[in-house]
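Peer 1: Note that the protein sequences, when read in sequence, are chains C and W. What the first sequence shows, in the numbering used here, is residues 1 to 390, in sequence order. What the second sequence shows, in the numbering used here, is residues 1 to 280, in sequence order.
There could be a bad hint or two in this list.
As the list claims (entries may be wrong) - On the chain C side, residues computed to face chain W include the following (Cβ under 8 angstroms): (1) 194; (2) 196; (3) 214; (4) 218; (5) 236; (6) 261; (7) 374; (8) 384; (9) 385; (10) 386.
Claimed, not checked - The list that follows gives simulated cross-link-like pairs (lysine to any residue, SDA-like), each with its CA atoms no further than 20 angstroms apart: (11) 269/W with 356/C; (12) 269/W with 238/C; (13) 233/C with 46/W; (14) 233/C with 269/W; (15) 233/C with 224/W; (16) 269/W with 327/C; (17) 120/W with 388/C; (18) 269/W with 375/C; (19) 233/C with 61/W; (20) 255/C with 269/W; (21) 255/C with 73/W; (22) 233/C with 62/W; (23) 233/C with 76/W; (24) 46/W with 259/C; (25) 120/W with 255/C; (26) 233/C with 60/W; (27) 233/C with 75/W; (28) 255/C with 75/W; (29) 120/W with 374/C; (30) 255/C with 76/W; (31) 255/C with 77/C; (32) 233/C with 77/W; (33) 125/W with 375/C; (34) 233/C with 268/W; (35) 120/W with 327/C; (36) 269/W with 324/C; (37) 125/W with 371/C; (38) 361/C with 388/C; (39) 120/W with 369/C; (40) 120/W with 191/C.
Source of the hints: derived by calculation from the structure; they are not laboratory data. Glycine included, C-beta positions come from ideal geometry on N, C-alpha and C.
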Amino acid sequence: MSTVDTIIQRCQGLFDDLNFTYAREWKDADPERKVIGFMPIYVPREIIHAGNMLPLGVLGGGDQLEVIQGDAYYQSYICRIPRSTIELVLTGRLDFVDGMLFPSICDVIRNLSGMLQMIKPGFYAHYYDMPQNYNKDIGGEFYVNELQELRKAMEKIAGHEISDDAIRNSIAVYNENRNLVYKLYAMRAEQPWNIPAAEAYLLMRASMLMPVEEHSQMLVDYMGAVAENERPKKDNCRIVVSGMFCEQPPLNLIKSLEMSGCYVVDDDFMMINRWPTVDIPIDGDPIANLSHSFLNHSLKTSATYEPEEEEKGKYLVEAVTKSAAEGVIFAAPSFCDPALLERPMLQDALNAANIPYTAFKYSENSGQMQPIREQAGTFADSIKLWGDQS
Amino acid sequence: MITTAGIDIGTGAVKVALFKSDGDKTEWINKRTERIRQRDPYELTKSAYEEVLKESGMTPEDVHYLATTGEGESITYSTGHFYSMTTHARGAIYLDPDTRAVLDIGALHGRAIRTDERGKVLSYKMTSQCASGSGQFLENIARYLGISQDEVGELSQQADDPEIVSSICAVLAETDVINMVSRGISTSNILKGIHLSMAGRLAKLLKSIKATEGVVMATGGLALDTGLLAALREEMEKEKVELEAKSSPDSIYAGAIGAALWGAFRYQKLAELDKLAKAS
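Between the sequences and the hints, there should be enough to build the whole structure, so can you do that?
Peer 2: Here is the structure:
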């Protein structure tokens, strides 16, 4: 039987491996298999999976990759994830990948798709556009076309047709995985001392690097092992972290938050794992279902367009309420447009709901945790001691 | 009546304080300091804590809230952790209720904290340059000069013509001291020069946090250095910081005291909120 430690060690091994050995081995096991890389924050993995291909989450190089060539492609005022992704490409670490998807999260990621097209002519580097208009007849129609285009491209790479039934089957597989992820998040909100933030994070990262069926089993095993592994409960405050949905923080940063006296009870790490918020129907037209789901049941984030001003930040207030959190830590990568431009509006929503917050920035290779511990620690103290008075 | 303990793991020493509390009434029942001296601070902490409990006729189960501070976040058997500024402010208020500012002068850095009468931190500032303003630096210099740390304060106060050292860099400051020794400058004047240099930085920190009334309580490992305190009073006068600089024989325990008292506060608060299980 797997223990918490063995599962987390496996996740840590996958996380540390910048050569993606496990995904390479998966591909090498069958000449028919292909691997499709994708960047944050969302792509319809169901279509890739339906083509017997592995969706591989590429989330930059972290704090262990020295960026040498990647810096030449971007100005100094651009975040670090595109530089380290270029570095991964130029150093051959992604040479086994058969295509890459770049969702429309920001201009930088969009431009990264163009960079890849220039660096690797003929390679499938696709800017994956998502609708900003959620009207069925406008955004809906656009998105169905986008999904069909993606399906055709995946069929070309896979070398065979991707049937509706295959997509329906993949939708069911991902529904199951998503339900397990939601269960894990609920379990953590209930008992954050038993599911440390770093472990939850590593489990979410593992989903980027392995077949979804295997990840689902891993989640089942982990939750079973956690139930047998009661850990000491600390008098920590409960916080939601917001802003870490694209460029990833160093693992030590996540650990530092907890060491400073904060239990993370909700977050926006690897949002694709909880996207959409309800099961996608497996009956009927699967492409229409994927489109409908995106338009109506997408996870809210500052990286997606919100047309109604009064709705801004509502999701964050709801996340705090639902997880019984006592405050919010805004932690965003330096120069992250989606996170930093939205933050004042999110802060307004928190102010209106009388929810305390603090904010800092990081980059994926941040090394100095002392200032972050100091800030998070004093924030935790202020909530624990003065939360109900000024 | 509840029992709480505070553990403060600093760079140079581990401090443990044990309290009994009943509402606003508090009784300090035991304490212990252990210099780390290249030993494992966590093993040292455990033995110091167990010793304090044993001397007090208690077991860990008798402690309602064990709070850590300083570098104590990783201690698995604690109930909660409070950040150093929070605990030093509360500890200083305990040592002198008129405290409205704290100078935490430890082995690695100095920090000025402004607090209100409840121990709530209102603002703070830390030394940003290197270790020349720290206890570790002073300890090294004492060793080079061949004197014990206990002698530093008294010798400094005997100075008649102090020689100022670099306040920017520990390496430069040590070079200054070597030059002074070879020039035949007396130990007293060297020590007073170092104290004035450190005090000058601390006085500037106090000025920057806009502390304007009450007592400034020195805490941390250097709080009992009478020479440094005398130099601090001189420098505060120069900087026009009109506070009364004090230290207490128990200043080194300020962090541990604050942790224990905040632990009691937190325990009572959780009891009121009916969330005691959280702190068990």
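Peer 1: So, for every hint listed, does it hold in this structure?
Peer 2: Okay, the hints, checked on the actual structure:
| no. | hint | in the structure |
| --- | --- | --- |
| 1 | 194 | violated, 14 angstroms |
| 2 | 196 | violated, 12 angstroms |
| 3 | 214 | violated, 32 angstroms |
| 4 | 218 | violated, 26 angstroms |
| 5 | 236 | holds, 7 angstroms |
| 6 | 261 | holds, 5 angstroms |
| 7 | 374 | holds, 7 angstroms |
| 8 | 384 | holds, 6 angstroms |
| 9 | 385 | holds, 6 angstroms |
| 10 | 386 | holds, 6 angstroms |
| 11 | 269/W with 356/C | holds, 19 angstroms |
| 12 | 269/W with 238/C | holds, 16 angstroms |
| 13 | 233/C with 46/W | holds, 19 angstroms |
| 14 | 233/C with 269/W | holds, 17 angstroms |
| 15 | 233/C with 224/W | violated, 37 angstroms |
| 16 | 269/W with 327/C | holds, 18 angstroms |
| 17 | 120/W with 388/C | holds, 13 angstroms |
| 18 | 269/W with 375/C | violated, 23 angstroms |
| 19 | 233/C with 61/W | holds, 15 angstroms |
| 20 | 255/C with 269/W | violated, 27 angstroms |
| 21 | 255/C with 73/W | holds, 11 angstroms |
| 22 | 233/C with 62/W | holds, 17 angstroms |
| 23 | 233/C with 76/W | holds, 9 angstroms |
| 24 | 46/W with 259/C | holds, 19 angstroms |
| 25 | 120/W with 255/C | violated, 26 angstroms |
| 26 | 233/C with 60/W | holds, 16 angstroms |
| 27 | 233/C with 75/W | holds, 12 angstroms |
| 28 | 255/C with 75/W | holds, 14 angstroms |
| 29 | 120/W with 374/C | holds, 16 angstroms |
| 30 | 255/C with 76/W | holds, 15 angstroms |
| 31 | 255/C with 77/C | violated, 27 angstroms |
| 32 | 233/C with 77/W | holds, 9 angstroms |
| 33 | 125/W with 375/C | holds, 13 angstroms |
| 34 | 233/C with 268/W | holds, 18 angstroms |
| 35 | 120/W with 327/C | holds, 19 angstroms |
| 36 | 269/W with 324/C | holds, 18 angstroms |
| 37 | 125/W with 371/C | holds, 13 angstroms |
| 38 | 361/C with 388/C | violated, 27 angstroms |
| 39 | 120/W with 369/C | violated, 24 angstroms |
| 40 | 120/W with 191/C | violated, 30 angstroms |
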